[in-house]
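Add chain B to chain A, keeping to what the hints say.
2 protein chains.
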Amino acid sequence: MSSLLFLEIRAQLVEQQKCLEQQTEMRVQLLQDLQDFFRKKAEIETEYSRNLEKLAERFMAKTRSTKDHQQYKKDQNLLSPVNCWYLLLNQVRRESKDHATLSDIYLNNVIMRFMQISEDSTRMFKKSKEIAFQLHEDLMKVLNELYTVMKTYHMYHAESISAESKLKEAEKQEEKQIGRSGDPVFHIRLEERHQRRSSVKKIEKMKEKRQAKYSENKLKSIKARNEYLLTLEATNASVFKYYIHDLSDLIDCCDLGYHASLNRALRTYLSAEYNLETSRHEGLDIIENAVDNLEPRSDKQRFMEMYPAAFCPPMKFEFQSHMGDEVSAQQPVQAELMLRYQQLQSRLATLKIENEEVKKTTEATLQTIQDMVTIEDYDVSECFQHSRSTESVKSTVSETYLSKPSIAKRRANQQETEQFYFMVGPCKCYCFSFHLHDI
Amino acid sequence: MSSLLFLEIRAQLVEQQKCLEQQTEMRVQLLQDLQDFFRKKAEIETEYSRNLEKLAERFMAKTRSTKDHQQYKKDQNLLSPVNCWYLLLNQVRRESKDHATLSDIYLNNVIMRFMQISEDSTRMFKKSKEIAFQLHEDLMKVLNELYTVMKTYHMYHAESISAESKLKEAEKQEEKQIGRSGDPVFHIRLEERHQRRSSVKKIEKMKEKRQAKYSENKLKSIKARNEYLLTLEATNASVFKYYIHDLSDLIDCCDLGYHASLNRALRTYLSAEYNLETSRHEGLDIIENAVDNLEPRSDKQRFMEMYPAAFCPPMKFEFQSHMGDEVSAQQPVQAELMLRYQQLQSRLATLKIENEEVKKTTEATLQTIQDMVTIEDYDVSECFQHSRSTESVKSTVSETYLSKPSIAKRRANQQETEQFYFMVGPCKCYCFSFHLHDI
Chain A
1 MSSLLFLEIR AQLVEQQKCL EQQTEMRVQL LQDLQDFFRK KAEIETEYSR
51 NLEKLAERFM AKTRSTKDHQ QYKKDQNLLS PVNCWYLLLN QVRRESKDHA
101 TLSDIYLNNV IMRFMQISED STRMFKKSKE IAFQLHEDLM KVLNELYTVM
151 KTYHMYHAES ISAESKLKEA EKQEEKQIGR SGDPVFHIRL EERHQRRSSV
201 KKIEKMKEKR QAKYSENKLK SIKARNEYLL TLEATNASVF KYYIHDLSDL
251 IDCCDLGYHA SLNRALRTYL SAEYNLETSR HEGLDIIENA VDNLEPRSDK
301 QRFMEMYPAA FCPPMKFEFQ SHMGDEVSAQ QPVQAELMLR YQQLQSRLAT
351 LKIENEEVKK TTEATLQTIQ DMVTIEDYDV SECFQHSRST ESVKSTVSET
401 YLSKPSIAKR RANQQETEQF YFMVGPCKCY CFSFHLHDI
Chain B
1 MSSLLFLEIR AQLVEQQKCL EQQTEMRVQL LQDLQDFFRK KAEIETEYSR
51 NLEKLAERFM AKTRSTKDHQ QYKKDQNLLS PVNCWYLLLN QVRRESKDHA
101 TLSDIYLNNV IMRFMQISED STRMFKKSKE IAFQLHEDLM KVLNELYTVM
151 KTYHMYHAES ISAESKLKEA EKQEEKQIGR SGDPVFHIRL EERHQRRSSV
201 KKIEKMKEKR QAKYSENKLK SIKARNEYLL TLEATNASVF KYYIHDLSDL
251 IDCCDLGYHA SLNRALRTYL SAEYNLETSR HEGLDIIENA VDNLEPRSDK
301 QRFMEMYPAA FCPPMKFEFQ SHMGDEVSAQ QPVQAELMLR YQQLQSRLAT
351 LKIENEEVKK TTEATLQTIQ DMVTIEDYDV SECFQHSRST ESVKSTVSET
401 YLSKPSIAKR RANQQETEQF YFMVGPCKCY CFSFHLHDI
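Protein sequence lines correspond, in order, to chains A and B.
In case it helps, UniProt numbering puts the first sequence at residues 1 to 439.
In case it helps, UniProt numbering puts the second sequence at residues 1 to 439.
Calculated from the structure, these hints are not laboratory results.
Hints are supplied without guarantee of correctness; some may be wrong.
What the hints assert, rightly or not - Below 30 Å or equal to it, Euclidean Cα-Cα: the simulated DSSO-like pairs (lysine-lysine) are: (1) 316(A) - 129(B); (2) 300(A) - 18(B); (3) 18(B) - 129(A).
Just chain A, same shape as in the assembly (with noise of 0.2 Å):
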């Protein structure tokens, strides 16, 4: 049974052995797979960047040409529409510089230590290989020695138990012969006294001889069993000590450093991800606040500042008189000039009256157009939302933008309320100053 256990124990080294390569041929495995992975991921981002900045390039290229772009270099006061426009390419040509760090990142650094690993994780099996080697040759010494006493033990007990039997067997001899001598002695004759007497001595001999063979037996049984108590605590506690602690050791050894260098590896990469992220947002901030500076007041001076000949108002008309003829009103028409100043008054005061009205009109139109222009439909994050089955993302996309019948909807009505605008509107403000004519 014993022997069957040291069988047992020798089989679980071989096997503990083969756990630990197996488990070092995983993480070279897996980290074959993460280089792999962030070589392929890299060529991705390189191709993505580069296509960015063509994007990029096609566009200012297109546009550095225009009068705008030349405003542009001359003083940085653009339209807000074509400063939007800018920076949006500005936005693309920042994303592509940034996807081509993070892929230069992946090559040059993440990829290196995941190798490094690799190199460390062979070698640290390599080297708790050797101190197993070494455990499991101290651990087998102490298991053959212990079987190799047991077997002494077992010996010297076997022949220390023959030796008593042996013993037991003169003493009963001894016995017997004491028992003859104990006949009445008249009708026995004198030779025969003689010979019984020197058969005692004999049997007294081998008696001491085997009583002494038994006890030099018994004392060596003795020891060897203390022996084999002893080096039995000990084996347990050996084999206690190298499953309890050793072995935990080992995987130690394996495992040292492991963790942290993948810990690092990956934090390289959370590093980069991180950072394309917050310059990425960086960008969108800055397009975000020219979004916010669309402004058609601003624009609109712009404009007019661009053609001054077209938008400056001419001088006034002045009084052409006929030669050396000088204003002053005369008698003969002052009645009727009264007259006419009344009507003008009254026609005055009614223009007012409708302009009036007008201005409501319009305002209140211009008013409804404006909610309607500046609905905010543009929040798209439910397009984003990531349920654990990501599955369900694509559905959603669809709908981001308003169906589409609800937008002719809406554009109809927009439309219609613009008629209405343009009905009322400005095509009635300037009817003012004409109409003093109309008397």
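Frame of chain A; chain B shown alone:
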């Protein structure tokens, strides 16, 4: 001079229409560029998304077969590095989905908006053109009227002047006649006297006629001048109103809704980008969390549980007694045992001390190694610094992973420490129980 001003104004009105037309053309062009830009970017995003999907699929398929994955399916309990690896693949998938969504939003939402804004701008320009036409018509009417009334005034004034001079001449003749009739009467013939009287009467009549003509013309000219002055004021008012208000209204008509709609279109783009970013960030946080949980202890536990047969400790070795021999120390060897016991005691003491020494050294060395493998060298933020001229970015990248020599040095250093660790470390710790037998 006045008529010159007419021509100037008429030219300006034409120029103004040209400017507005040009502005609209520039807007339509810009909106076309924006559409092309987003169409191309959508393509790029789609391609990027496809590549990422392929990448994830490739490695997912590879891992799906593995033992780990079966484990993963059963209980989510994975070795921490494998868990990181799976989350890395999930992240790529997530990015793939998000960029597909982005592309979708560009095509089905953003571009559509730009198309509509372009339509609107053109429509608005047409409207404002109609209005402008009306405005110009009326303005011209006013100007022509001014021109006419001025001419009328000049004509009537001229007539009244000539009438006045004729009147003056008549008066002179009359005075001449009165002067002649003052001569001494006695030496004039009778019939001569009669002749003079009739010519005086004739002059009287003519003077009256001219007097009437003159007052009539004078009145006409005064009325004409008043009309002229009034029209002058009205015209200046109209011109002023057109240049200060109507012109601005015309531009507003062209702008109606332009900035607001552009704002919404660009905000849709921003919303998509920001949401992509958020989703990406969530994914990275999940990975970071898994990286925080890279843990040797629990992995060791899992590893040993995976192979119970190899790692469970064997049974204790029991005392194998020999045919009914029971354990009990016997007199004859007691003294000897005592001696042996004392020897072991002292040996044990020294071993304990030795082990303490080894432990100290080992732990110190291990700590050194730990410090080496946990050095925080993974921050790559400086690679993503964008100076205004983002040209400086690329350069830093090469230095992201500490320069090659310094790595080599660090790694050599680390392996040296390892060597030492393995020399003093685990190989010694187990010597304890074996030395029992060296006595």
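So, going through the hints one by one against the coordinates:
For the given pair, residue 316(A) sits about 26 Å from residue 129(B) by alpha-carbon distance, which is consistent with the 30 Å threshold. Under the criterion of a C-alpha separation no larger than 30 Å, the hint pairing residue 300(A) with residue 18(B) is consistent with the structure, at around 15 Å. For the hint pairing residue 18(B) with residue 129(A), the CA-to-CA distance comes to about 88 Å; that exceeds 30 Å, so the pair is violated.
When the structure is compared with the earlier hints, a violation turns up for hint 3 alone.
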